[in-house]
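*Asks:* For reference, the chains in residue letters:
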Amino acid sequence: MSLLKVEGLSKFYDGETKVLKDVDFEVEAGEFLSVIGPSGAGKSTLLRCINRLVEINEGKVIFNGLDVGAMKKKELRQLRTNIGMIFQHYNLVPRLTVIENVLHGRFGYKSTIQGVLGRFTEQEKEQAFYLLEKLGISEHAYKRCDQLSGGQQQRVGICRALIQEPKLILCDEPIASLDPNSSKVIMDYLKSISTEMGITCIVNLHQVEVAKEYASRIIGLKKGEIVFDGPSKLLYGEQIENIYGIESRELITV
Amino acid sequence: MDAKQMRKNKWQTTIFLILIILITYLSSFITNFNLIESIATIPAAFSWIFSNLLITEESLQKLPQILEKLGETIFMSIAATTLAAVVSLFLAIMGSKTTKVNQTFSVIARFIASFSRNIPVVAWSLILLISFGQNSVTGFLALFVATVGFLTRAFIESVDEANQSSVEALTATGATYFHMISKAVIPQSLPQMLSWILFMIETNIRSATLVGILTGTGIGYMFDLYYKNMNYNLVALITFTIIIAVIAIELVSNKIRRVIL
Ligand SMILES: Nc1ncnc2c1ncn2[C@@H]1O[C@H](COP(=O)(O)OP(=O)(O)OP(=O)(O)O)[C@@H](O)[C@H]1O
Ligand SMILES: [Mg+2]
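Sequence order for the protein chains is A and B. Under our numbering, the first residue of the first sequence carries the number 1307, and numbering increases by one thereafter. Under our numbering, the first residue of the second sequence carries the number 16, and numbering increases by one thereafter.
You may find that some hints are simply not true.
[Stated by the list, open to error] Across the chosen pairs, the derived CB separations fall in these ranges:
id	chain 1	residue 1	chain 2	residue 2	range
1	A	Pro1344	B	Ile262	54 to 64 Å
2	A	Glu1428	B	Ser197	55 to 65 Å
3	A	Lys1490	B	Ile262	51 to 61 Å
4	B	Ile262	A	Glu1322	50 to 60 Å
5	B	Thr97	A	Tyr1448	29 to 39 Å
6	B	Ile258	A	Ser1444	48 to 58 Å
7	A	Ala1376	B	Thr97	45 to 55 Å
8	B	Asn24	A	Ser1444	52 to 62 Å
9	B	Ile259	A	Lys1380	57 to 67 Å
10	B	Arg221	A	Glu1428	45 to 55 Å
11	B	Ile145	A	Ala1376	48 to 58 Å
12	B	Ser197	A	Ser1498	30 to 40 Å
13	B	Val261	A	Glu1322	50 to 60 Å
[To be verified] List time: in silico BS3-like cross-link candidates among lysine-lysine, alpha-carbon distance up to 30 Å:
id	chain 1	residue 1	chain 2	residue 2
14	B	Lys112	A	Lys1324
15	B	Lys115	A	Lys1380
16	A	Lys1497	A	Lys1366
17	A	Lys1324	B	Lys115
18	B	Lys270	A	Lys1366
19	A	Lys1324	A	Lys1528
20	B	Lys112	A	Lys1529
21	A	Lys1440	A	Lys1378
22	A	Lys1380	B	Lys270
23	A	Lys1449	A	Lys1380
Worth flagging that the hints you see were computed from the coordinates, not collected in a lab. Please read all numbers here as calculations on a predicted model, not as lab measurements. C-beta: ideal position from N, C-alpha, C; glycine also.
Work out the full structure, taking the sequences as your base and the hints as a guide.
*Replies:* Given below as structure tokens:
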């Protein structure tokens, strides 16, 4: 059984324009999948339907055999603990320390009282430090997040997702605000998460080249429709033009 | 911008200036306001101030009583502001688009805020005077209501601009609503909120004087009393102590701001 199955998914924010149109795909456990497409194609919306940060209008999202669209509040919380998310702008709480932000990833497992009082077990704290160590930012553990560089903040974001012990990680343009060096560091970490820890990754990307380099499979989205779905080595010239439109070819390949 | 456009802009400015001058003339004609005459009275007004508003040794004997009333006024402002801050925090979280529970509550919260904000504090005291009479409760309530309006609006903005992204992230981890509020929204917005509260305390100490004149309480009442008795030396002393108090509070709150922000 596949980890994630999307069937006939459609989404509209207002009554008229469909942001996603009848999207179908399946993701096996352990896959490293990239979603590419021009701005406004619906990549972010697609990811947000998977953990239901936005409501699903038509069709189904099946995660681990469970229908995401039909979930009640409690089941939805449980679903979200199983799905980590990484954002373009890191979405940390800037005034709090690195370690506090990482521990936020445990809230899904806590009752309201435990969370509000900030009761974390020794084991959870050790795990948080272990992850910071692994991502090479343990010396910043007690710094406020707004004192970190973009690349370092994104690594905090990754730690926050990993401490959830997720089965799937959704990444919404994780490197779009980073310079080439930090981008490479982040992409390498994401890749190793998938290969070493066996966590499935779905990564939205702007850069076709990066997607081809890291992902084993690519989905091309255009105006809310899937126009390409296959191994990344089968994506070249013609299909790229098809996804982005002919005019933008020069922009993409240089 | 080409030459034609520039010429057009110049014309617009000229017409605008002429309009303003016309309106000024018209309104001073309607209200019988004479600019020249009123400027001419300024020297006389100043000489009156310097000859009458003097702090004398005799008036200094009243200082303890004045300070007591001043203290009363300051504490009333602080109490009204802090209580209003608690209510505003609640309303702001209800009203903010990032943390609202549902649309209805949000609309209600925003309505309460704009309703109480758009009626000035003096009008509130006059309205409340009718039902509560001339006592300190009226003054307290007037400050409280106006402050709730202002702070709710300010807090909504702090919550909105600072937290959208982290609220989204925490929702995605499976955090509950109260986790989000207590561990992301409040820690992030608190310094800015405290800064607004300090600002409101300063403002309310000034307004409390005015409100006191209307409701017959605090330093405002004393001011009014001696003013009507034409004891201008005491009026001068009271004014002086108010100014000192306001400056002192401002200095203190600037210091606090520097530490928290
Ligand atoms: N909350 C929202 N309310 C209304 N419309 C929205 C909302 N979010 C996105 N949209 C619209 O949905 C469409 C798809 O947006 P989405 O953010 O999913 O695209 P994207 O592929 O992620 O684009 P980008 O590469 O710019 O991030 C856009 O036309 C956008 O205007
Ligand atoms: Mg996007």
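*Asks:* Each hint should be assessed against the structure and marked as holding or not.
*Replies:* Hints, one by one, checked against the model:
| no. | hint | in the structure |
| --- | --- | --- |
| 1 | A:Pro1344 to B:Ile262: 54 to 64 Å | 59 Å, holds |
| 2 | A:Glu1428 to B:Ser197: 55 to 65 Å | 22 Å, violated |
| 3 | A:Lys1490 to B:Ile262: 51 to 61 Å | 56 Å, holds |
| 4 | B:Ile262 to A:Glu1322: 50 to 60 Å | 59 Å, holds |
| 5 | B:Thr97 to A:Tyr1448: 29 to 39 Å | 32 Å, holds |
| 6 | B:Ile258 to A:Ser1444: 48 to 58 Å | 54 Å, holds |
| 7 | A:Ala1376 to B:Thr97: 45 to 55 Å | 46 Å, holds |
| 8 | B:Asn24 to A:Ser1444: 52 to 62 Å | 60 Å, holds |
| 9 | B:Ile259 to A:Lys1380: 57 to 67 Å | 59 Å, holds |
| 10 | B:Arg221 to A:Glu1428: 45 to 55 Å | 53 Å, holds |
| 11 | B:Ile145 to A:Ala1376: 48 to 58 Å | 56 Å, holds |
| 12 | B:Ser197 to A:Ser1498: 30 to 40 Å | 34 Å, holds |
| 13 | B:Val261 to A:Glu1322: 50 to 60 Å | 56 Å, holds |
| 14 | B:Lys112 to A:Lys1324 | 24 Å, holds |
| 15 | B:Lys115 to A:Lys1380 | 19 Å, holds |
| 16 | A:Lys1497 to A:Lys1366 | 28 Å, holds |
| 17 | A:Lys1324 to B:Lys115 | 26 Å, holds |
| 18 | B:Lys270 to A:Lys1366 | 56 Å, violated |
| 19 | A:Lys1324 to A:Lys1528 | 12 Å, holds |
| 20 | B:Lys112 to A:Lys1529 | 28 Å, holds |
| 21 | A:Lys1440 to A:Lys1378 | 36 Å, violated |
| 22 | A:Lys1380 to B:Lys270 | 46 Å, violated |
| 23 | A:Lys1449 to A:Lys1380 | 34 Å, violated |
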